[in-house]
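> The primary structure of each chain is shown beneath.
Number of protein chains: 2
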Amino acid sequence: MKSSVHNDMSASLRTPYHHGDLRAALLAAAEAELARTGIEGFSLRAVAKRAGVSHAAPAHHFGDVKGLLTALAAEGFRRFLATQKAAMAEAPADPKSQLQAAGLGYVRFAAASPALFRLIFSSDRPDFDNPELSVASSDSYEMLRQQVMEVTGRDPATDPEALIDLQGTWAIAHGLADLLAAGRLKTLSALPVAEREAQILRIIGRAL
Amino acid sequence: MKSSVHNDMSASLRTPYHHGDLRAALLAAAEAELARTGIEGFSLRAVAKRAGVSHAAPAHHFGDVKGLLTALAAEGFRRFLATQKAAMAEAPADPKSQLQAAGLGYVRFAAASPALFRLIFSSDRPDFDNPELSVASSDSYEMLRQQVMEVTGRDPATDPEALIDLQGTWAIAHGLADLLAAGRLKTLSALPVAEREAQILRIIGRAL
DNA sequence: TTCCTTATGTTTACACTGTCAAGATAGAGT
DNA sequence: ACTCTATCTTGACAGTGTAAACATAAGGAA
Numbered sequence: 000m001k002s003s004v005h006n007d008m009s010a011s012l013r014t015p016y017h018h019g020d021l022r023a024a025l026l027a028a029a030e031a032e033l034a035r036t037g038i039e040g041f042s043l044r045a046v047a048k049r050a051g052v053s054h055a056a057p058a059h060h061f062g063d064v065k066g067l068l069t070a071l072a073a074e075g076f077r078r079f080l081a082t083q084k085a086a087m088a089e090a091p092a093d094p095k096s097q098l099q100a101a102g103l104g105y106v107r108f109a110a111a112s113p114a115l116f117r118l119i120f121s122s123d124r125p126d127f128d129n130p131e132l133s134v135a136s137s138d139s140y141e142m143l144r145q146q147v148m149e150v151t152g153r154d155p156a157t158d159p160e161a162l163i164d165l166q167g168t169w170a171i172a173h174g175l176a177d178l179l180a181a182g183r184l185k186t187l188s189a190l191p192v193a194e195r196e197a198q199i200l201r202i203i204g205r206a207l
Numbered sequence: 000m001k002s003s004v005h006n007d008m009s010a011s012l013r014t015p016y017h018h019g020d021l022r023a024a025l026l027a028a029a030e031a032e033l034a035r036t037g038i039e040g041f042s043l044r045a046v047a048k049r050a051g052v053s054h055a056a057p058a059h060h061f062g063d064v065k066g067l068l069t070a071l072a073a074e075g076f077r078r079f080l081a082t083q084k085a086a087m088a089e090a091p092a093d094p095k096s097q098l099q100a101a102g103l104g105y106v107r108f109a110a111a112s113p114a115l116f117r118l119i120f121s122s123d124r125p126d127f128d129n130p131e132l133s134v135a136s137s138d139s140y141e142m143l144r145q146q147v148m149e150v151t152g153r154d155p156a157t158d159p160e161a162l163i164d165l166q167g168t169w170a171i172a173h174g175l176a177d178l179l180a181a182g183r184l185k186t187l188s189a190l191p192v193a194e195r196e197a198q199i200l201r202i203i204g205r206a207l
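Same order as they appear, the protein sequences are chains A and B. The letter at position 19 of the first sequence is residue 18 when you use numbering that gives the first Met the number 0, and the numbering goes up by one with no holes. The letter at position 55 of the second sequence is residue 54 when you use numbering that gives the first Met the number 0, and the numbering goes up by one with no holes.
Hints should not be assumed to be uniformly reliable.
[Said to hold, decoys possible] With beta-carbon atoms standing in for the labels, derived distance ranges:
| no. | chain 1 | residue 1 | chain 2 | residue 2 | range |
| --- | --- | --- | --- | --- | --- |
| 1 | A | Y140 | B | G37 | 21 to 27 angstroms |
| 2 | A | A34 | B | A58 | 28 to 34 angstroms |
| 3 | A | R77 | B | Q145 | 38 to 44 angstroms |
Worth flagging that the hints you see were computed from the coordinates, not collected in a lab. Note that CB positions come from ideal geometry on N, CA and C, so glycine has one too.
Modelling step: build the complete structure from the supplied sequences, incorporating the hints.
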């Protein structure tokens, strides 16, 4: 439930003492700062400055910087999953094509938002025991498990052979994604979009 | 102005003003600190303290923290390559087995030294334009290229099909390594060494 | 309304960080 | 013996995250 944002009678003149929806504004500012500086140059004070509030304001909404990055990581995971589903919607309906498309979405997300990708996969600053983040993370894994189950007809949770299938497809998609985010595949990232994605699909297809 | 109180009667007990081989000691201390705190908690002053020198001493050998991490990354890359070659020495001599063994070494290194692995592959703090680091990095890529060439009979540098082979094998090894370093494959990392490595080889084998 | 309680932001302070400049010390040549 | 240079320390500075005290506004109860 959203607290009714008072009214904006004099809001146009001066910046009001109370922001209205600072939590969302801070998350947006944090994402922008993350994209600008990367996870290793991330600064809480810079986020506050970008949002136009004092440097201590974020503490009331997120506790500390870990809390802010945890919330951002949860949002990142949800968007990560959405990107995969968007790619799946473009692909044929058969399980194998769907799994390949999910991999393409995986890589797309990493290429489009490398800093956010690193935050959710290669950083220990978020608190991955946090319920919201944990759920968002598990949702992604769960979709992968479902997809592998539909392709192989076995459940990776119980069948060791299917688990290897899962880890193999995960590894190749994640490897491509991480190497692209790190800028280590220049011969691939330099290609025009259509050719690049065709090549990504071919690489992913090898492991299936 | 301080009166110089040069008192060497306790010279044997006290640490000498000049270290002797501080550069190497700082690199060792940096690696230990990196393993302790991770790249995101890395502190230059903590490194200096661990080496028993003042906080400004590292500047004379590495310039700034980026210089220290660059030198450490170069050393990391050389050790990374050495780990791969050690794994290859245990394996059969045929090209395919050798390539698989190199992948196993790739993953072994990431599991044994996750922080160092992240420094060389998922950090932008080292200066990858630095000649020493650039050479160490290229050496690793070059061995991969050679191996793929021996397996496929084509040069990835000129043949697009072989390039896909290279990127596919790289991606699956790197994906496994990075996911293990991030602790996302607990069902795999929880296994005893022999079974774990057997499974890793099977996963890598899928992509060949 | 009026008063009180709570939530939301600001200010100030502190310990810690990386970097710089200036001084202290030792080793290496000449 | 003497200077020159590399090495190391000390002190200072701006920037960081966090905590405490304070200021302001919103919501509820009388």
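> Each hint needs a verdict: does it hold in this structure or not?
Hint-by-hint comparison with the structure:
Between A/Y140 and B/G37 the beta carbons are some 23 angstroms apart, a value that agrees with the proposed interval 21 to 27 angstroms. Taking 28 to 34 angstroms as the suggested C-beta distance range, the pair A/A34 and B/A58 conforms, at roughly 31 angstroms. The supplied range of 38 to 44 angstroms is met by A/R77 and B/Q145, whose beta-carbon atoms lie about 43 angstroms from each other.
The structure is consistent with each of the numbered hints, conforming to all of them.
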